[in-house]
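**Student:** Residues per chain, in single letters:
There are 2 protein chains.
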Amino acid sequence: MVDSKALDRHVRAARPKYDAELRRWVEIPSISLLPERRPDIQRCAEAAAKTVIALGGTAEVIETRGNPVVVGRFASDRKHPTATIYNHLDVQPAEGAAWKRDPFKLSIEGDRYYARGATDDKGPALSVLHAAVFARQADVPLNIQFIWELEEEIGSPSFDGFMQKHAKSLRTDVVVVSDTVWLAPGKPVVSTGLRGLQGATLRLETGTEDVHSGLTGGAARNPMVELCNLIAALHDGGTGKIHIQGFYDDVVKPTRAELASFSRCGFSLPRFKKVYGLASLRSKDPLEVMQAIWARPTLEVHGIAGGYQGRGIKTIVPPFAEAKVSLRLVPNQTPAKALELLRAEVKRLNPDVVVHGESALAPFRGNSTGALGDVAVQALRFGFGKSPAFVREGGSIGAVVTLERHLKCPIQLIGLSLPDHGYHAPNEYFDWGQAAGGMKTFAKYFELLPAALRGR
Amino acid sequence: MVDSKALDRHVRAARPKYDAELRRWVEIPSISLLPERRPDIQRCAEAAAKTVIALGGTAEVIETRGNPVVVGRFASDRKHPTATIYNHLDVQPAEGAAWKRDPFKLSIEGDRYYARGATDDKGPALSVLHAAVFARQADVPLNIQFIWELEEEIGSPSFDGFMQKHAKSLRTDVVVVSDTVWLAPGKPVVSTGLRGLQGATLRLETGTEDVHSGLTGGAARNPMVELCNLIAALHDGGTGKIHIQGFYDDVVKPTRAELASFSRCGFSLPRFKKVYGLASLRSKDPLEVMQAIWARPTLEVHGIAGGYQGRGIKTIVPPFAEAKVSLRLVPNQTPAKALELLRAEVKRLNPDVVVHGESALAPFRGNSTGALGDVAVQALRFGFGKSPAFVREGGSIGAVVTLERHLKCPIQLIGLSLPDHGYHAPNEYFDWGQAAGGMKTFAKYFELLPAALRGR
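Just so you know, the sequences run in chain order A and B. When we follow this note's numbering, the leftmost residue of the first sequence carries the number 1, and every step to the right adds one. When we follow this note's numbering, the leftmost residue of the second sequence carries the number 1, and every step to the right adds one.
Note that these hints are calculated values from the structure, not bench results. Careful, some of the hints might be misleading.
Listed next, the stretches of chain A that the computed footprint assigns to chain B, with coverage defined by at least 3 CB atoms under 8 Å from CB atoms of chain B [as the list claims (entries may be wrong)]:
| id | segment |
| --- | --- |
| 1 | 45-58 |
| 2 | 169-177 |
| 3 | 303-309 |
| 4 | 400-407 |
| 5 | 418-427 |
| 6 | 443-452 |
It should be emphasised that the depicted structure is a prediction, and the values quoted were computed from it without experimental measurement. The C-beta atom is built at its ideal place from N, Cα and C for all residues, glycine as well.
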């Protein structure tokens, strides 16, 4: 039995260490999208391995065809079951004037930790790590293993290769992926599904350089306009409906039970709008919104490169335009088929547009019931005093499906981040309340797990 | 009678001076679009006035509510008629990797003068200036006056105010605007029409900052997608057709005589494509292309700001998107009505999109016949050995309509630039052949003008 007082003391005592380690981790700009950050990725992996070793575990930095993976271990006994925690230590880029602080310096303001990667996903990773230290000290009969990836933000291109090679040595009874977001402060969730992703660029070249729109306009093809025509044919931004032939064929609608679970989960439309700074949404009906973000595919245009972006207008016809798009996918869609359908539709609409596939992540559908579900509920109730809601998550974590396929064990999604923390947004932060509650939650989770696994 | 040999000597002798003056002028980055270049605008005006004075004329830099205007004079006698030459000394921005040389250092390579502003419009201005010097020395009975604007590239916002205040002292019998482009080397034109312009930004704000497309996508409005929907509803990039209610109502089609003049002007479709680096056009029919660029309105999207522009994709929903667009207008459309119709259509299609009007320039329709037309033909034949074609120009020069309204005199459009010179494009250049031919052309023009004006 985890001694609650001892745990409280452990958590309080861990804080200075937690702060220092988080600082070390977040101040390494481990941006996987930028090739020039490759040395920082390596440094981050090594720093994380060092942290595990300093806390009494063992750790290795395992090379892959891409970025390395850090594997940490707090071993108990080979006879005991094993739990594996997945986090990622790479981060999104952090440019732009909206950042009020240096994104790669940790600013501790009260209980808040401001930095790129603080909540996505370095802070949560460190919380679970401290819970493992406690479980080890409390002699919980469980081997605890960490898999920390450094390519999550670019769609985990090397993770499948890594798992293929190392699945045997990573044998485990359960995986917890801790990279998801609560509904709100005080409203934890256990996520039972993730959307997949198929990224793409749609590029149209019509010339070799900027040309004068007076001298050529009317005869010259305008790649910006043609891309707008194409995107409008693919997607209605008003309704969110996607016009790609066959695209919805494999979509499995949420069950009635799942919709009921959505309805009573405590999702608040005004809060959702406030947290993300969205003045209006495509729908005013909360259940519609939940379905739109958790259980339906999307087509997003993230930006259109090319042409003039500065002040005012510049009267040129640009030589190319490139739309950066992605499709979020739901069970049972697959990225490969989605990309193929997109290609075919683009070819029908404008054969000169070149479709280049980017990150691909399969959607995930998990289970909310049974002994493991109960352990998650009890652990979160212990850590935060609240029962979680079982809902889906709109984001994508490519590693989840890979872990499931190679390790052939149940996957649970128990995150510690709040919507306010700003996943992928400027001024990202994590907070001590979630960090401390997370330590307690996972300490309890590790305590309850052996019995639950025996009972399966 | 202009002595041809004396003129040839004059032109040859002028070259070192021409080179030095052009260097002085183009190395001042007089970019009217960028407010931080205001001191350079002033420097450029003063440098130009100094050049006139050094060449024996008088000059003043006249302040306006915006950028100054340089007025230069080579006076003969009050009884003699006056010809006024309009050029502009402000330039387009010059950023981007496509520039192979510093755009604000003059690179003389053989007969070519590479620099931003070399052909648009500093090089031609200097050519005509040297022609005026010769006419003065040859005692041609004509007062020659220069109006050099420094706001042409931003739509001449202060030029109307300037003309209103100074029209009386600028009284003239004819204005030649020298800011147009030939059909090809050896194919001079006299332009009988200009398109107008109405610029605008279409801005849609749907949030306050980047949000995660997994966590919000589907429910969050995507401003990029909605702008694409809007633009597609306004404009078909395939055909060039514009879907704004009432937009074509005032368009006057070219006359049969004008179309015949287009047909025999020597326009070459392969050359047009080659010069502007355009692999394919909206039409393969030369007359269609000429009408599209000279006699029909357009809607161009110059760029869409907002969102992610970097490598790969970044899975965010951006908080805003802003399309930079312009409408080229033809007689008898007006910028004010075009903007009003655009606003109304946008409001119908997406009332959340804010339309902000940018530069506005009226279209122009001139006359190709009569004594003045003959002078232009003879002058170009003298200067370049070729008769000009009478065609229209697809670009816009706001000052033309302003000059016509305030000075109530005929306006002729006689340019010296070649398509290859790259108006508004990277690696802009001018060449000595056009500069020297231009000096001869305008010397002849000034010689023939007094008689032609008397004969009117």
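**Student:** None of the hints should be skipped; say for each whether it holds.
**Tutor:** Cross-check of the supplied hints:
1. 45-58: violated (count 0)
2. 169-177: violated (count 0)
3. 303-309: holds (count 7)
4. 400-407: Since 0 is below three, the answer is violated.
5. 418-427: Check passed, 5 qualifying residues.
6. 443-452: violated (count 0)
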